[in-house]
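Chains P and X are the protein sequences, given in the same order. Residues in the first sequence are numbered from 1 upward in steps of one, following the numbering used here. Residues in the second sequence are numbered from 1 upward in steps of one, following the numbering used here.
Treat the hints with care, as some may be off.
[Stated by the list, open to error] List of simulated lysine to aspartate or glutamate pairs, DMTMM-like, C-alpha gap at most 25 angstroms:
1) Lys313/P <-> Glu395/P
2) Lys131/X <-> Glu314/P
3) Lys390/P <-> Asp54/X
4) Lys5/P <-> Asp114/X
5) Lys5/P <-> Asp64/X
6) Lys28/X <-> Asp118/X
Just so you know, the hints here were simulated from the structure itself, not pulled from any lab data.
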Amino acid sequence: MQTNKISNLRGFWTILRKEILDNLRDRRTLTTMAVSIIVGPMLMFGFLWFAENTVKKETDLVNAKPIVLPVVGADKAPNLIAWLEQNNFEIVDPPENPEEAVKSGDERVVLEISDQYAEAFTQGTSAPLRLIHDSSVSGLEKIGFRTLQKTLLAYNSQIGAMRLMARGVNPEVVKPLQLNSSDVANPQARNAQILSMMPYLIVLFIMVGGMYLAIDTTAGEREKGSLEPLLTQPVARHTILLAKLGATIVFSALTLLLVLIGIGLAMEYAPIDMITLSIDAAKIVKTFIACLPFVFLGCAMMVLMASFTKSYKEAQSYLGMLMIVPSLPLMLLMMMSPQPSVSNMWIPSLSQGLIIIQTFKGETIDSSLIALSMAGSTLIAMLLTFIAIKLYQRERILG
Amino acid sequence: MIQANNLKKYFGAVKAVDGVSFSAENGKITGLLGPNGAGKSTTLRMLYTAFKPDSGSATIDQFDITRQAESVRASIGVLTHGAGIYERLSARENVRYFGELHGLTGAALNKRIDQLADLLEMEDFIDRRAKGFSQGQKTKVALARALVHSPRNVLLDEPTNGLDVMATRGLRKVIQRLKDEGHCVLFSSHVMQEVAALCDQIVIISGGIVAANGTPDELRASTGKDNLEDAFVSAIGSEEGLV
Ligand SMILES: Nc1ncnc2c1ncn2[C@@H]1O[C@H](COP(=O)(O)OP(=O)(O)OP(=O)(O)O)[C@@H](O)[C@H]1O
Ligand SMILES: [Mg+2]
Numbered sequence: 001m002q003t004n005k006i007s008n009l010r011g012f013w014t015i016l017r018k019e020i021l022d023n024l025r026d027r028r029t030l031t032t033m034a035v036s037i038i039v040g041p042m043l044m045f046g047f048l049w050f051a052e053n054t055v056k057k058e059t060d061l062v063n064a065k066p067i068v069l070p071v072v073g074a075d076k077a078p079n080l081i082a083w084l085e086q087n088n089f090e091i092v093d094p095p096e097n098p099e100e101a102v103k104s105g106d107e108r109v110v111l112e113i114s115d116q117y118a119e120a121f122t123q124g125t126s127a128p129l130r131l132i133h134d135s136s137v138s139g140l141e142k143i144g145f146r147t148l149q150k151t152l153l154a155y156n157s158q159i160g161a162m163r164l165m166a167r168g169v170n171p172e173v174v175k176p177l178q179l180n181s182s183d184v185a186n187p188q189a190r191n192a193q194i195l196s197m198m199p200y201l202i203v204l205f206i207m208v209g210g211m212y213l214a215i216d217t218t219a220g221e222r223e224k225g226s227l228e229p230l231l232t233q234p235v236a237r238h239t240i241l242l243a244k245l246g247a248t249i250v251f252s253a254l255t256l257l258l259v260l261i262g263i264g265l266a267m268e269y270a271p272i273d274m275i276t277l278s279i280d281a282a283k284i285v286k287t288f289i290a291c292l293p294f295v296f297l298g299c300a301m302m303v304l305m306a307s308f309t310k311s312y313k314e315a316q317s318y319l320g321m322l323m324i325v326p327s328l329p330l331m332l333l334m335m336m337s338p339q340p341s342v343s344n345m346w347i348p349s350l351s352q353g354l355i356i357i358q359t360f361k362g363e364t365i366d367s368s369l370i371a372l373s374m375a376g377s378t379l380i381a382m383l384l385t386f387i388a389i390k391l392y393q394r395e396r397i398l399g
Numbered sequence: 001m002i003q004a005n006n007l008k009k010y011f012g013a014v015k016a017v018d019g020v021s022f023s024a025e026n027g028k029i030t031g032l033l034g035p036n037g038a039g040k041s042t043t044l045r046m047l048y049t050a051f052k053p054d055s056g057s058a059t060i061d062q063f064d065i066t067r068q069a070e071s072v073r074a075s076i077g078v079l080t081h082g083a084g085i086y087e088r089l090s091a092r093e094n095v096r097y098f099g100e101l102h103g104l105t106g107a108a109l110n111k112r113i114d115q116l117a118d119l120l121e122m123e124d125f126i127d128r129r130a131k132g133f134s135q136g137q138k139t140k141v142a143l144a145r146a147l148v149h150s151p152r153n154v155l156l157d158e159p160t161n162g163l164d165v166m167a168t169r170g171l172r173k174v175i176q177r178l179k180d181e182g183h184c185v186l187f188s189s190h191v192m193q194e195v196a197a198l199c200d201q202i203v204i205i206s207g208g209i210v211a212a213n214g215t216p217d218e219l220r221a222s223t224g225k226d227n228l229e230d231a232f233v234s235a236i237g238s239e240e241g242l243v
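This is chain P alone, in the form it adopts within the complex (with noise of 0.2 angstroms):
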């Protein structure tokens, strides 16, 4: 029987659809993807859901509960007393040695009225209260001194403006400023600054959805015996290296576009109140385009590196601290988080970061930067693969 040499392209096809097949029955691929479109919008959302419940935390505890606050000499500030209950506190018998209770966490916060007040108050001068407190203490156990001292300024304010009033002195005499803040950050912009770990998750999940083949049709290949046979059959080596790097990046791009839909998805039904963001099936499609090259980027790392370890084992280890380098510039992207530009538009993983974060926002980023990023991303992949596509000539491959 006569045989013929198949051309590269069948050769590639063949090659890609059995890795693919291969893999697809090996549960580690399929776990990997799995995790990624549940695990990773958890993640995330684990942590959205911990920061809102802490503000609101905060919030119910000013408006719903009273405030209870030990008074000493309450008595002596009866309209004070009065004003603090209207702004809902709950005002208690004070502790026998208020500054011990204090100091030792009994109390958070005690005011003390002092024997001067009542006739200082009459006098219409500055009448001495004491507010014991322990500057030590942080987060909600702080909420109670602050809403008291707030209720206390707003209290002296107005009896001083009474007073003025009373002696025919227009009160904005002693108010040279008039402050108003308005915050212009729309909550989209508030969200996305919440959201600056998506480049992180989605970047991470790129790698993860590679790394087991990767691996496993290289080294995996190599330490089972079976790259030698391969390697006898009438396609070129490059042919092989590329089709495996073609099966690499279809489960890594699968991967991404799965914990963009999780994203999506989690996004609309998850249950927070503070993030308004939707991300549309539009968002979802440009995110996933824009990151293709530095999918394609990260399997050609992956499959270099694992190219040329000397076991499946090794080529883990390796691959694990792999990870690490694309969330390198991604750091520099939280600590700078500078604007889209030609000066770092083609650095691989910050510019996709850039364009996740962008897009998310809802903001639009110029297209020639968008293009820039996948160029330079692109271009470093293909150096890559032109490496690992050397280093499978050689017969050290064989091990």
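Chain P is fixed; fit chain X with the ligands onto it per the hints.
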């Protein structure tokens, strides 16, 4: 038709193959016989283009093994040294994969696989996933995949490794048929009886060089021994490595 001219391959200080020349004709079965570490596998690996020779040359059907490696690979079927198969594919899928890489498809490919499964007694496990296959079952799959495209030249490194009596006989039948159809068969072995039973031509390798080369009759004549086993011992100069 395989022709090797003064092939050499060193691994550092180890002269694995140190000038091997021989030819294996079409329609004949040629055996590479030699003790462990003689250089049989290394010679075959150069012929099937996994390794490049340090010096020397070889052709398979007029194709040069270094300059026309892909054409060489298109005209050979190989059972490699330590042949691994894909565990998550069935035996049939393993064989089909290599058939497809040689350009076979569809019904013709399936028919050929069934034929080999019959010859090599593989029916019981042909559609089972290869995970957990016994050594002999693995060897059968590897053999079937080497022969699936009915290659003009067949290179087999220790083909009877792990095979039981029935499978060995099946393999002999396959090899015999390939010979009858005019194919060139080259296989390595350190088992005397196997080589004696099948081969038209025997190349005895020892220490990386060809110690003797000829038909069984020629070997007996040149060493002055009646018995092929004695001829072998005399050729390699010791009893070491003989089975
Ligand atoms: N990749 C390699 N690196 C280093 N040394 C090698 C390599 N391959 C073979 N050798 C050495 O070359 C010599 C010949 O080995 P080869 O595998 O060709 O022997 P063989 O005749 O096939 O033996 P066996 O009957 O045991 O299979 C041995 O000494 C072996 O250790
Ligand atoms: Mg050997």
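Structure versus earlier hints, numbers of those that do not hold, lowest first: none
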